[in-house]
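There are 2 protein chains.
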Amino acid sequence: MLRVTPQRQAILALINRSNVHWDAEELARELVQSGQAVGIATVYRGLSALEGAGLIASVQLGDRKRYERIDKSHHDHLVCTECGSLEEFVQPEIERLQAQVAEEKGFRMLNHQLLLFGICYACDNHDSNQDLDKGKKI
Amino acid sequence: MLRVTPQRQAILALINRSNVHWDAEELARELVQSGQAVGIATVYRGLSALEGAGLIASVQLGDRKRYERIDKSHHDHLVCTECGSLEEFVQPEIERLQAQVAEEKGFRMLNHQLLLFGICYACDNHDSNQDLDKGKKI
DNA sequence: ATGCTAATGATAGTCATTATCACTATCAGT
DNA sequence: ACTGATAGTGATAATGACTATCATTAGCAT
Numbered sequence: 001m002l003r004v005t006p007q008r009q010a011i012l013a014l015i016n017r018s019n020v021h022w023d024a025e026e027l028a029r030e031l032v033q034s035g036q037a038v039g040i041a042t043v044y045r046g047l048s049a050l051e052g053a054g055l056i057a058s059v060q061l062g063d064r065k066r067y068e069r070i071d072k073s074h075h076d077h078l079v080c081t082e083c084g085s086l087e088e089f090v091q092p093e094i095e096r097l098q099a100q101v102a103e104e105k106g107f108r109m110l111n112h113q114l115l116l117f118g119i120c121y122a123c124d125n126h127d128s129n130q131d132l133d134k135g136k137k138i
Numbered sequence: 001m002l003r004v005t006p007q008r009q010a011i012l013a014l015i016n017r018s019n020v021h022w023d024a025e026e027l028a029r030e031l032v033q034s035g036q037a038v039g040i041a042t043v044y045r046g047l048s049a050l051e052g053a054g055l056i057a058s059v060q061l062g063d064r065k066r067y068e069r070i071d072k073s074h075h076d077h078l079v080c081t082e083c084g085s086l087e088e089f090v091q092p093e094i095e096r097l098q099a100q101v102a103e104e105k106g107f108r109m110l111n112h113q114l115l116l117f118g119i120c121y122a123c124d125n126h127d128s129n130q131d132l133d134k135g136k137k138i
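Protein chains in written order, with our numbering: chain A, 1 to 138; chain B, 1 to 138.
One should not assume that every hint holds.
No distinction is drawn between identical chains; accordingly, a pair holds when it is met within one copy or between any pair of copies.
[Unchecked claim] Taking lysine to aspartate or glutamate and the EDC-like style, the derived pairs with C-alpha atoms no more than 16 Å apart in a straight line are:
1) Lys105 <-> Glu87
2) Lys105 <-> Asp124
3) Lys65 <-> Glu26
4) Lys105 <-> Glu88
5) Lys65 <-> Glu25
None of these hints come from the bench; they were simulated from the model.
On a predicted model such as this, the values are computed, not experimentally measured, just so you know.
Sequences are here, hints too, so could you generate the full structure?
See the structure below:
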């Protein structure tokens, strides 16, 4: 049922090629620049389909949804509210405790999302830099 | 600067009166029914102001933001993707490990959000009930 | 009581995402 | 390879949650 199209291949390739956390608009812009423009609606549908197929993963950040490549290992995110950057981390013990909580509550956990909001090292140590004020807030 | 108005008192009272996780629309509807109608824009501003003042808390769920009363203790949420219900839980060890991760990364954590998505006990054991299909998906 | 200014509320606007729809492309079965 | 069923595309309209605007109202510091 899920068809392989040039548009989806382009989207998938771009996401798998880097550690960037893309949102639909950024991805569409990048595809235009690389000469393989894809309609914005198709980008949204493609991202949704690829996520459904387990080929990419997503992080819901406020009103925006960002997509990233799939790692071998699940990870969570540190979100800098100054510059919008996402940093990844892995903490197996947290994962284990989450599963344990769900188990205790009779809750069949399918998924989870852990976001730590705050100021990243770079922003915390260079906040005299006025340029950073232009960074997107979350 | 933050003024006390009947509208905000009504909003605060409603949220503090129950364990319900309200969103702006639901709250506005409830206020209309209780005879103290408040403009939808005022509800949004009131919720934001009350959260800023530390009188209520919020959980960002997909595209919607829900508000809840402040407990003595921080808690996280189990989100049922079948019926949309929110269940709360506390796991101090997870909290501690989060702080430790941030510390190690040189990240100044200000806040966090942990959501466990899945099927709650009620939905998991009564999914033959067709009515549940009408439940709002997250 | 008075005035400064925050708050209200009706409504218009914003913005990310989804639906629509005519058309195109994939792919399974011949 | 041909072809039909149907999934995908893309331009654009629609949706829906939230925010801005602005004239008017109302806390609250003095």
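Hints, one by one, checked against the model:
1. Proximity of Lys105 and Glu87 under a CA criterion of 16 Å is satisfied inter-copy only: 9 Å between copies versus 31 Å inside one chain copy.
2. Only between protomers do Lys105 and Asp124 lie at most 16 Å apart by alpha-carbon distance; the minimum there is 12 Å, versus 39 Å within a single protomer.
3. In the homo-oligomer, the alpha carbons of Lys65 and Glu26 lie at most 16 Å apart inside one protomer (11 Å), although the nearest pairing across protomers, at 24 Å, exceeds that limit.
4. Only between protomers do Lys105 and Glu88 lie at most 16 Å apart by alpha-carbon distance; the minimum there is 10 Å, versus 28 Å within a single protomer.
5. In this assembly of identical chains, the alpha carbons of Lys65 and Glu25 lie at most 16 Å apart only when taken from the same copy (10 Å versus 23 Å across copies).
Checked against the numbered hints above, the structure violates none of them.
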